[in-house]
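Residue-level listing of the chains:
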Amino acid sequence: MIVAQRKSIPELIDILKGHKKILVLGCGTCVTVCLAGGEREVSINASALRISSRLKNLSFEIEELTIERQCDNIFIEKAADAINRNDVVLSFGCGAGVQAIAERYNKSVYAGLDTEFIGILEERATWTEKCIACGKCVLHEYGGICPITRCAKHMLNGPCGGSREDRCEVRADRPCAWQLIYQRLKNIGELDRLKSVKAPKNWNTSIHGGSRVIIREDHRI
Amino acid sequence: MNHESFEPLLIAFCCQYCSYSAADLAGSMRLQYPTNVRIVRTPCTGRLEVEFFMKAFEKGADGILVAGCLEGGCHFTEGNLLARGRVGYTQKFLSESGLEEERIRMINISAAQARPLVDHINDMLATLKNLGPNPLRRVNPSKNAEMNV
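Quick mapping for you: the protein sequence lines, in order, are chains F and U.
My numbering applies: residue 1 is where the first sequence begins, and numbers increase by one.
My numbering applies: residue 1 is where the second sequence begins, and numbers increase by one.
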């Protein structure tokens with residue numbers, strides 16, 4: 001899922017000042033699961049914005065709404081009335097959700113969250129990054145552990161030799177991805193995979209090749 | 001700053017397994033506590049959401065006391081631990097919004113601790129008297145009339 005974090009209330013106030021009728025729009029998918037932009041967070045942030053607005057005499061009029069998904073037309077339509085009756089939308093969706101709304105309505109749409117990464121819930125209240133969406137998955141080569149995302153140096157032919165006690169030398173709070181890859185391949189009896197030297201990666205499939213688009217001709221009418 | 005004439009409105013969310021019984025016991029023991037505390041019985045402090053606290057402040061409450069079971073003694077195992085985290089999270093939002101984070105506090109009380117509960121209530125009320133009224137009541141009193149003492 002896409003993992004995001006909230007912006008602070010002073011940041012949001014700074015973004016919204018000058019506007020009056022504000023729709024705080026939540027998203028019921030990824031950002032709900034990562035406790036950043038669902039119905040509950042919309043309610044909390046809207047309350048905090050109302051309190052701050054009254055203390056600072058900003059006269060915000062805040063409406064709250066959460067739709068199932070902000071990156072899908074079918075669900076965006078359900079917010080149409082609320083979007084139309086407000087001056088500005090503060091989206092609590094991920095970056096994709098914010099842009100999906102902005103492309104469809106001729107009014108200011110602001111991001112209420114900082115979109116961080118594609119990741120998973122590792123343990124209670126802890127999310128970790130697992131994928132950078134490089135566009136050419138190599139997970140089969142590395143026992144299901146992505147060296148591009150999880151190694152700080154993105155090494156395809158690791159390890160770098162700098163890890164200490166299985167910790168990454170760049171971020172000591174994170175495990176060395178190459179230690180994990182070695183252990184994993186050893187456990188599943190595929191250590192031979194490490195004997196071949198991997199060719200440099202073609203990053204054209206990633207964001208470095210420009211904004212990406214996927215067209216499925218078989219699904220077009 | 002001391003606000004002598006100000007009587008704060010304190011909302012006390014009390015878990016029915018501990019502090020609500022402690023409040024009941026305080027009554028049986030004829031222990032006095034001020035009338036400006038509103039006790040809200042909750043099935044467990046783990047049921048309390050940050051929205052509840054924010055809404056109460058938005059509507060003009062001067063302070064909130066969340067009274068849960070002693071740590072390790074929650075009827076639902078970890079409801080009071082969840083509440084502790086949520087109170088801390090609410091404090092962040094309060095200070096970012098311009099209200100004092102001391103306006104909300106979590107305490108842990110057993111059903112037998114009537115006297116400590118009354119002491120905590122009095123201590124919280126003293127803190128609120130020192131902080132003064134929730135400024136939102138002054139900013140827009142008409143909308144908050146329902147919460148006035």
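Be careful, since some hints might not be right.
As the list claims (entries may be wrong) - Derived DSSO-like pairs: lysine-lysine, alpha-carbon spacing no greater than 27 Å straight-line:
hint, chain 1, residue 1, chain 2, residue 2
1, U, LYS129, F, LYS130
2, U, LYS59, F, LYS107
3, F, LYS56, U, LYS59
4, F, LYS201, F, LYS186
5, F, LYS17, U, LYS129
6, F, LYS201, F, LYS153
7, F, LYS56, F, LYS78
8, F, LYS7, U, LYS59
9, F, LYS201, F, LYS107
10, U, LYS129, F, LYS56
11, F, LYS21, U, LYS129
12, U, LYS55, F, LYS195
13, F, LYS7, F, LYS130
14, F, LYS20, F, LYS7
As the list claims (entries may be wrong) - Pair by pair, the computed Cβ-Cβ distance ranges are:
hint, chain 1, residue 1, chain 2, residue 2, range
15, F, GLN99, U, ASP123, 46 to 52 Å
16, F, ILE215, U, LYS55, 21 to 27 Å
17, F, PRO10, U, GLU49, 52 to 58 Å
18, F, GLU63, U, GLY88, 45 to 51 Å
19, U, HIS75, F, PRO10, 21 to 27 Å
20, U, GLY88, F, LEU191, 54 to 60 Å
21, F, ALA80, U, SER95, 35 to 41 Å
22, F, ILE120, U, ALA112, 22 to 28 Å
23, F, ALA80, U, LEU31, 33 to 39 Å
24, U, ARG41, F, GLU11, 57 to 63 Å
25, U, THR35, F, ARG167, 27 to 33 Å
To be verified - Just a few of them, taken from the derived set where beta-carbon distance is under 8 Å, the chain F residues facing chain U:
hint, residue
26, ILE51
27, THR126
28, THR128
Source of the hints: derived by calculation from the structure; they are not laboratory data.
Just so it is clear, the structure is predicted and the values come from calculations on it, not from any experiment.
All C-beta atoms, glycine included, are put in the ideal place defined by N, C-alpha and C.
Consistency of the hints with the structure:
no. : hint                               : result
1   : U:LYS129 with F:LYS130             : 50 Å, violated
2   : U:LYS59 with F:LYS107              : 31 Å, violated
3   : F:LYS56 with U:LYS59               : 17 Å, holds
4   : F:LYS201 with F:LYS186             : 24 Å, holds
5   : F:LYS17 with U:LYS129              : 32 Å, violated
6   : F:LYS201 with F:LYS153             : 13 Å, holds
7   : F:LYS56 with F:LYS78               : 32 Å, violated
8   : F:LYS7 with U:LYS59                : 24 Å, holds
9   : F:LYS201 with F:LYS107             : 41 Å, violated
10  : U:LYS129 with F:LYS56              : 23 Å, holds
11  : F:LYS21 with U:LYS129              : 35 Å, violated
12  : U:LYS55 with F:LYS195              : 61 Å, violated
13  : F:LYS7 with F:LYS130               : 23 Å, holds
14  : F:LYS20 with F:LYS7                : 20 Å, holds
15  : F:GLN99 with U:ASP123: 46 to 52 Å  : 50 Å, holds
16  : F:ILE215 with U:LYS55: 21 to 27 Å  : 47 Å, violated
17  : F:PRO10 with U:GLU49: 52 to 58 Å   : 23 Å, violated
18  : F:GLU63 with U:GLY88: 45 to 51 Å   : 28 Å, violated
19  : U:HIS75 with F:PRO10: 21 to 27 Å   : 39 Å, violated
20  : U:GLY88 with F:LEU191: 54 to 60 Å  : 46 Å, violated
21  : F:ALA80 with U:SER95: 35 to 41 Å   : 36 Å, holds
22  : F:ILE120 with U:ALA112: 22 to 28 Å : 44 Å, violated
23  : F:ALA80 with U:LEU31: 33 to 39 Å   : 57 Å, violated
24  : U:ARG41 with F:GLU11: 57 to 63 Å   : 37 Å, violated
25  : U:THR35 with F:ARG167: 27 to 33 Å  : 58 Å, violated
26  : ILE51                              : 4 Å, holds
27  : THR126                             : 13 Å, violated
28  : THR128                             : 20 Å, violated
Consistency with the previously given hints fails for numbers 1, 2, 5, 7, 9, 11, 12, 16, 17, 18, 19, 20, 22, 23, 24, 25, 27 and 28, ordered from lowest to highest.
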